[in-house]
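Undergrad: These protein sequences, in sequence, are chains A and B.
If you're matching positions, the first sequence starts at 5 in the numbering used here and goes up one per residue.
If you're matching positions, the second sequence starts at -4 in the numbering used here and goes up one per residue.
Among the clues, some could well be false.
[To be verified] Computed list of lysine-lysine pairs in DSSO-like fashion (alpha-carbon distance at most 27 angstroms, straight line):
no.: 1; chain 1: A; residue 1: K116; chain 2: A; residue 2: K126
no.: 2; chain 1: B; residue 1: K210; chain 2: B; residue 2: K390
no.: 3; chain 1: A; residue 1: K16; chain 2: B; residue 2: K386
no.: 4; chain 1: B; residue 1: K17; chain 2: A; residue 2: K116
no.: 5; chain 1: B; residue 1: K28; chain 2: A; residue 2: K69
no.: 6; chain 1: B; residue 1: K17; chain 2: A; residue 2: K111
In short, the hints are calculated from the structure, not lab data.
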Amino acid sequence: MPRVVLEKVSKKFERVAALENISLTFEDGDYSCILGPTGSGKTTLLKVIAGLVEPDSGDVYIDDKRVTEAPPEKRGAVYMHQQYALFPHLTVSQNISFGLTSRGLDKDTIKKKVSDALEIVKLSEWGDAYPRELSGGMQQRVALARCLATGVRLLLLDEPLGALDARLRLEVRGELARIAKELNLTVIHVTHDQAEAMSLADRLILLKDGRVVQTGSPEEVYFNPNSVFSAYFVGESVFFEGVVTKIDGRLVSIELRNGMTVEALSSDNFSQGELAVAAVRCEDIIVGEGPLMGLLKEVNFLGGFSKLTFELPGGLKIPVNIPLSKFIKTDFRIGMGFQLAIPREKVHVFKYPYMGLAKEIEAV
Amino acid sequence: MGQSLSAAKLEKTSLFRKTGRKIIFWLDRLSEKRGVAYLIYLASIIFFFGIILIPSLLGILLKIETVQEVLSNPEMLEKSASAVFSSIIMATIVSAADVAAGLPLAWIIVRRRSRWMMLVDSLSDLPMIIPTVILGYSTLLLWCEDAPFAIIGFPSLSPGFLTVFLLHFSFSYPVVVRVLVGKLMEIDSTYEIAARTLGASPLTATRTISLPMLKSGIIASLILSFARSLSETGATLMVAGSFENGPVFIKRSIDSGLVSPMVFVSLMLIFFSILILLGLRVLGFKLRIPFRKAYRIETFLSRKPVTYARDFSTLIVFGLLVLLPASYMVIARLPLMLESSMVGEMLLGGIWSSYWVSVWDSYLIGFLTTLINILFSLPMAIVIARNRLGKSLSKVLDALSNTSIIMPSVALGVSIGLFWGASGIPDFLLVLLAHLCITYPYMVATMVSALEDLPVELEEAGRTLGGTPFTVFRTIVLPVAKYSFLSGAILTFTRSVNETGATLAVSKTFKTVSVLLVEWVKSPGMRAESSVGTLMLMFFSIIFLVIFRYFYSKGGGTVA
């Protein structure tokens, strides 16, 4: 049963640290998504598991067996590249049979497994075609079939939907989830697309600068971000920088530069006079009631929801997402004033980042 | 009866297959062991240093004290210096003329894709396929001995500077065209179209947009044609007359048994070629083609009649100075060969037996050179292209493996002869060693570029799907990169068969067919034999090329 454990894995490329002291466990049958911005070390992490990159220190275990130095072909993990890496000189069937011939299976078994794999990805008619004759979506499915045919139950997917257009991405995303569950695969899926990660993952692993920032179910990470970065990268938040002026049990009051006060509930230790960052989801801000007054500056209709930008006193601008049902009921005209409320139970408050707020989220 | 025969045949085939499978299985298991790969890399590095690099440089450096002899003899010094000077002047003029005449042709081939231009494209390779000694003899017949243009009043030339120029121009021209065509194909024509829609005339667009993008290609062509002109020996000897450049001087020194001028000229040739080529690289990067201004004359020069005149003159130069010398030999001498009774004599022996021996030796050496170079340069190319032993070592090995490309082959031959000569190894091996050194960089460079073009993801995918390193190499790398590998093999083989300068330098007695033909052409009484011998060689070259082409289209592996 594929269960993957990483123990204190570090990897440097020349002087740049790609992975720093990573310890993670991927449970059998889980669909895990590693989410992070470009350069966060996602692909390196996946390649370390696949055996394509050797860590400088730390260990990798697959099924409780230490495989840190084992060659890729001996790990029982199959890696799928973002660009699929289909062998251009082989037909679809030959591509799919590669892993099977490498394992020394007999011809009849190979034939059967290839046709089964083609059926799973609904490409039975295309066995004799060459990769160049297929569309992007079909190529993606062939790459997946090639991985599945090996019978390996640990799938490492590196941005598998990255090269597809938006509509196809949605379709294939559903297919991927279905196949993974049907075949009870352990999948580690790398992406920088939060919607993709949220919809597929049993478990999210958020990575930044080679370190794990947060792990948990998509709901956990979404509702309880543990850092400014988590709040920024998963979902859409508004950030307020300010000074802690009052602490009353769990209630923390933060005074912003424009004189406004934001309240939040927090179990972290704050002290008065300390700099802090408050974050609230754009959809959690209430429009039409509350103590704040905002001037509507911009309206963006996006279909299912709309994005409104309000200007608060002192020039502070905040984007608010409201559902379609509410949008069509109210007359939103630019230049009008609206009451706004930031519910304290929806506000997350974080220690002020060491390098400053802008720096913390600039790399994204 | 028939059935049992076919059954026996089947059994034999299956036995053959079984053995093949066993070997593959064994190699697969072997390739799984980490140490094995490193052992192979180590062997290829030892081969490179021990057989290629050190003998190429050390042989000549060990004899450096003999240079004193030349320096203290004013007459010898003057003659040697003048030979070096002639070589450099010739190479400079040839490379400049090549680029000036080759660029318009490359342009026509790439930008005016038509059936006729495809034909021109294929024809432009002709002098590259023909062994240079044949081109040399053909040039000699065309411009000096037969001089068919005498009818229209063009006088026959006597062998000398001009004939050497014409020869060097025709054999380096195709290389320049090939490089520039390749580079031009990479440049997207939409840039030029954008420049045109922004108001530039065709010529302004070319000068300001495409030419700067083509700069690296132009520099590469200059370097290649310069190096080829500096190295060529055999054909140059045929048309040199009293003209004496470095290689001709070295050949004459060898004949008269003088070591010191040979060492001196070789050293100077190496020194100046490195200096000039480095200069060209540095200057090339700094040199900027002016693009701020659009000149009015460019609009005039972009007009249809002017461009037609330019294309026409380009094709005339190509036809007259490249295509005609390359094909004249066949046109003029084939009837003579068919009529003569020499075909019978050729099989009977006499001087022809030495011809057949040298043909056999040439192809044997060509084959061995190619085989040994494939075996040793492939691991080296993997080390370089895939950074198997670290990035910095890859860079150093890459630079070092290219050094002998810019070394004149005759100088390389002198060094190798001096290095191994004293050890008393047979001449056949000496020539083989020299050919290995000369062709090695071409093989490595082709393989490195092939591997660099091959996405590393394909190999990674193969490995994680369960393929061993050997399986991945055999079933993915080899089939995908087969065209480049075969090109490297063809290049190595033809280069070895055509080589004269280094062969002359390492051995006085061992004669490859190119060396033998130079001798025949130089002996006044052997006109007919020279013609027939050269034609026969051309015939063999074509056969070999056809065989190579067959493998080119057929070759490669499949999934087992």
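Undergrad: A separate judgement is required for each hint: does it hold in the structure or not?
TA: Now the hints, each set against the structure:
Using a Cα cut-off of 27 angstroms, the hinted pair K116 of chain A and K126 of chain A holds, with the two alpha carbons roughly 15 angstroms apart. For the proposed pair K210 of chain B and K390 of chain B, the alpha carbon gap of about 23 angstroms is at most 27 angstroms, so the pair holds. Distance restraint check for K16 of chain A and K386 of chain B: the Cα-Cα separation of roughly 14 angstroms lies within the 27 angstroms cut-off, and the hinted pair is therefore satisfied. Between K17 of chain B and K116 of chain A the alpha-carbon distance is near 25 angstroms, which keeps this suggested pair within the 27 angstroms criterion.
For the suggested pair K28 of chain B and K69 of chain A, the alpha carbons sit about 19 angstroms apart, so the restraint of at most 27 angstroms is met. Restraint check: the Cα-Cα separation between K17 of chain B and K111 of chain A comes to about 17 angstroms, which is no more than 27 angstroms; the hinted pair holds.
Hint violations for this structure: none, all hints satisfied.
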